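Colleague: The residues making up each chain are set out below.
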Amino acid sequence: MFDPAVTITIICLYMGLLFCVASWAERRASTGRSVARNPAVYSASLAIYCTAWTYYGSVGKAATSGWIFLTIYLGPTLGIFLWWVVLRKMVRIKNKYHVTSLADFVSARYGKSQTLAIMVTLIALIGITPYIALQLKAVTSTFFLITAKSEKFWLKEYMGLLVVVLMSLFAIIFGARRLDASERHEGMVVALSVECVIKLAIFLAVGLFVTFVLFNGFGDIFQRFSQTVAFRGLEIGKSLSNPEWPTYLALSMFGVLFLPRQFHIAVVENSDERHILKAMWMFPLYLLLINLFVMPIAMGGLLKGGTGMKADFFVLSLPLHYGGPWLAMAAFIGGFSAATGMIIVSSMTLATMVTNHLLLPVLERTRKLRFLRKHLLKCRWAAIAAIIMLGHWFESCVGESYMLVNMGILAFAAVFQFAPAIVGGIFWPRGNKQGAILGMSAGFAVWSYTLLVPTFVKSGWLSEALLRNGPLGIGFLRPERLFGISGMTPLNHGVFWSMVFNVGLYMAGSLYFAASEEEQGMAKEFMEDMSVSSHTPLSTYGEAHIDLGARRKQVEQVLVQYLSDSEAGAAIDQCLEATGIRAKTLVSMAELMEFLKEIEARLAGSIGASSAHRALRQGVVLDMREEAELTGLYTRILQDLQLGPTELRRKIDYYKERQTLLSDHFSKLEARVEERTSELVASNLQLKTEIDERTKAERSLRESEQRFRSLFEHHRAIMLLVDPKSFEIRDANPAAAEFYGYAREELRAMKITELNQLSAEQAAAVSRGIETGEQTRFVFPHRLRDGQIRTVEVHSSSITVEGRTVNFSIIHDLTEQKILESQLAQAQKLESIGQLAAGIAHEINTPAQFVGDNTRFLRDACADMERVFALQDQLLGRLKERKQVEELAGKIEEVCTEIDSQYLREEIPKAFAQSLDGLQRISGIVGAMKEFSHPGTDSKVCVDLNRALQSTITVSRNEWKYVAEMVTDLDPALPPVPCLPGEINQVFLNLIMNASQAIAEAAKGNGAQHKGTITITTRTLDQYARISITDTGCGIPENIRSRIFDPFFTTKDVGKGTGQGLAISHSVVVDKHGGTITVDSEVGRGAVFVVRLPLDSPGDK
Amino acid sequence: MERSARLLRQIEFQVLCFCFGLVLFNWPLLGMSWLERPQCAFIWLFLLWAILIFLLFLIGRAEVSNTAPVEGSNDQCSIQR
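As you go down the protein sequences, you meet chains A and B in turn.
For the first sequence, this note's numbering begins at 1 and goes up steadily by one.
For the second sequence, this note's numbering begins at 1 and goes up steadily by one.
Mixed in with the good hints, there may be bad ones.
[To be verified] With the C-beta cut set under 10 Å, the calculated list includes, among others, these residues of chain A facing chain B: (1) Trp84; (2) Ile276; (3) Cys896; (4) Thr897.
[Claimed, not checked] These stretches of chain A come out as covered by chain B in the derived footprint (C-beta under 8 Å, 3 or more residues): (5) 187-195; (6) 214-222; (7) 238-251; (8) 292-300; (9) 1045-1052.
[To be verified] Listed next, with one range per pair, are the computed distances between beta-carbon atoms: (10) A:Lys688 to B:Cys19: 23 to 29 Å; (11) B:Glu12 to A:Ser683: 37 to 43 Å; (12) B:Ala5 to A:Ala682: 26 to 32 Å; (13) B:Cys19 to A:Gln554: 52 to 58 Å; (14) A:Arg625 to B:Cys19: 55 to 61 Å; (15) A:Phe427 to B:Ala5: 21 to 27 Å; (16) A:Leu462 to B:Cys19: 52 to 58 Å; (17) A:Ala544 to B:Ala5: 50 to 56 Å; (18) B:Glu12 to A:Ala40: 27 to 33 Å; (19) A:Gly803 to B:Ala5: 50 to 56 Å; (20) A:Gly473 to B:Cys19: 41 to 47 Å; (21) B:Pro28 to A:Leu462: 37 to 43 Å; (22) B:Ala5 to A:Gly521: 48 to 54 Å.
Source of the hints: derived by calculation from the structure; they are not laboratory data.
Keep in mind that this is a model prediction, so the values were computed, not measured.
Glycine residues also receive a C-beta, built at the ideal position from the N, C-alpha and C atoms.
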């Protein structure tokens, strides 16, 4: 159950949607892109045939009477086989005579008879108003069914009124905005077609829900139903032999065209007779689909415990009670759609008929009300509201009566009374006004007596004695057994007798009474193939003596009774133009008659054919002379033709036939011209759009070029346009001229290779890179006019200028930046060296100290040894002189003892060895230092990375030796790697120092006494040299891992690190060497930095 | 194909189809006893209906190929308010 307020909101939203659709369609139509002129839309809009009576009533009828409901849709399907003959003819007649309604159509055929128009209007009004009430009843009943608090809700009283207001507004805005009712209402038609699609979709959804969700398909439902008592009681199978079956078929066959709303949609709203051909299968297909689930829903409802009394609302109640509240809401909207479509179109067409054929004659006869003739449109609006209101009043008065429930089929039977006059009018030339009046009035009277009166009795408004005994006790006239006939159902009985009287009197009256000449003419025109609405060429007969100005005034006086002054003037001008007499002041009788005929046809579009005919006959009167002249005109024509009456008739028939053929041909040609014209208009529009777009694009391009030119001329950046094939400089901006030191003209005469010093092959490779987008950034040395070589960064892209592809280069002088970078790198190196200096000094100091000690020892030892050597010299002299040898030997022994010569003999070689070792260490450190601080070069050289790593390990030894053991696993097969050695060493140093600091940090953190490990490995991997430096330090938290290569990012305390080390390392490896540097780490376990350097670096050796 | 299209375009053929449909959907054919079973009636009615629609589709297609577009002429020459 839904809250009433929610339901009303949904209704309002739905109506709002329809308003939007209609407005959109009208806007499209006004711009020549009509949506309504489409066979699918036409076919869908015809489906307003399926009203709430179909939507809810079919299921009810199926539950109570079996298959009989299907005849309402099978009848139209059968009748549609004749549509290409019947409906096409009706459409052509409508086009020729500006037919606005069913009443107008009948009236036009029978000499523009106002009596017939009034009769048709009254019958339609009486037959259709209760039908509108039935729709309103469906809306209000389902509203209360779906809303939980409906019984207490204050809107109960006003729900009907709300629907009335919404329907009236829609019908007025989209159905009666203009007086000319023959004009198509494209917005309304599109909205109706949308409504029809929605109701079909929802009905199918409900059908699928019942058949496949509540039950297990068609077979299951039929199987279960066949086993119920209800089936035996219903005898559904036998319903196919229902005696009312053929009657239903016949009624629906005609009803689908002759119900006023159907006539309006099928005939008046038809924009192209070829749409009928599509509608001939699309519309019956729609009917088939909407009926596919009727029987399953009916059976499903009964199987679920529903009763025949409530079967009308199974479509709503089944989803509502079995778990599909929103499906129920959709079902409600579907029913609402079905009802509103019918109400809107019916009220609009009935209002047109009422104003043109009931109100207008009254206004013309009542002097005091004549002023209303100028307000016909407003009168039509009032009529629409009044008709819907009348339906609402009727619904609230008769409520659940038998009459209202059966009004659907009664309305079909009522409009069936139009069938003889319309069908006869189209196909039987002798049918005339008197016959039509007699037949229709008799048929309607019998319909009222045999079908309507019994419903009044059954509703309790008249005495049952009338049915039982007949009026005044005359059994012969009992309404349901007229003339004593029995054995027929009431419907068959009523239709039979009404048709007997209708057809009989129509034919008898037509044969008995003679038709007027005018009517005969109309009859013949209706019989012909009306494919043309061309104007008959003006006759040259007669002298031009009639004052056109005076006649114009007379016509104007007639028109202003119905139209505003400006509209009347415009209409007269159009008709004068159409008859080709606009420039004339005097016209002949023949020309005047053509003019009046044109005016009448146009006025018919606003007030109907019969009213227009009558108005002009009263307003424009021929004097005696003119009447005589008219008679004389026809006589002269006959004389000129020199024909007897029989010959004339034969000739006329022949020429008419010929004219018909020509007209048909002309019509086809005209249609083709129209088609081509519309194609041309469409092409023109498209062309215009394209031109607009192109103009816009050109303007945009011009502006873009101006912007580019302005940038090019005034920007301080150096810009060049270079031909990608010849390498000629196409243009250079003033900044380029200033930079290179050449005049712009000189640059334009140069090739880019003169500046960048590339060979033609290299330049071509660069061009290809730019063209494919593979490489757009280059660094080249550019030579200036004064011979200076500047390092420049070139950003190039391929662009089109004035239709030619050129390389557009923006050049940035990097020389200063390079110097700064070099200085920065040098500074960093110096910083590192500064950092290393103390360690290196310590490393050198230790061997230097013991080399010094040894040297001092050797100096002292030498002094001591000098004494021994002196004595040895003396000993040697004495030995030569052979004197005092023993004494001297004793002295030597004494001195040797004194100086501990044995000690000296042992220690002196050691001292030498140690000193040499110390010197070697110093030499190694100095060598490593030298290698590490390799002087910067601009070009890469092939370097043994293992050796470079060893040097770096050596110079940094003091940084790590107290905290870590250094483990190296260097690949002896590692080939030389092209690189900038000084900068690569710097990278290794940074990584080793970081590793050492991380280990120290970890040791500090966990108080560990043992050393960590730094492992350095090198490997060859594909085309890369892979260097990994692994530490067992504190690791790098994941949240900062992505930022460690950012400049100035550091986790160290202020003053302990600048945050430049890893940033520079990244720049060196990635930017300068095209390699990669990555890190992997686990907090507390350490980190691995992996550097990959390409082994092949083209262009660098 | 052309012969079939010509057949479909003839008014007499369309009238024949109309009569044929009337016969199919009326007594005595609908009085056949096996149609008293709902599922049989359902299949019979909807299948025949679909066949008729297909026939209408063929007629419509045959006529379209033979017809020039003829639009309503009342758009240009009506009095508008």
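Colleague: Decide, hint by hint, whether the structure agrees.
Modeller: Each hint, compared with the structure:
no., hint, result
1, Trp84, "6 Å, holds"
2, Ile276, "8 Å, holds"
3, Cys896, "138 Å, violated"
4, Thr897, "140 Å, violated"
5, 187-195, "violated (count 0)"
6, 214-222, "holds (count 3)"
7, 238-251, "holds (count 6)"
8, 292-300, "holds (count 3)"
9, 1045-1052, "violated (count 0)"
10, A:Lys688 to B:Cys19: 23 to 29 Å, "54 Å, violated"
11, B:Glu12 to A:Ser683: 37 to 43 Å, "42 Å, holds"
12, B:Ala5 to A:Ala682: 26 to 32 Å, "30 Å, holds"
13, B:Cys19 to A:Gln554: 52 to 58 Å, "54 Å, holds"
14, A:Arg625 to B:Cys19: 55 to 61 Å, "58 Å, holds"
15, A:Phe427 to B:Ala5: 21 to 27 Å, "26 Å, holds"
16, A:Leu462 to B:Cys19: 52 to 58 Å, "41 Å, violated"
17, A:Ala544 to B:Ala5: 50 to 56 Å, "53 Å, holds"
18, B:Glu12 to A:Ala40: 27 to 33 Å, "29 Å, holds"
19, A:Gly803 to B:Ala5: 50 to 56 Å, "54 Å, holds"
20, A:Gly473 to B:Cys19: 41 to 47 Å, "45 Å, holds"
21, B:Pro28 to A:Leu462: 37 to 43 Å, "39 Å, holds"
22, B:Ala5 to A:Gly521: 48 to 54 Å, "37 Å, violated"
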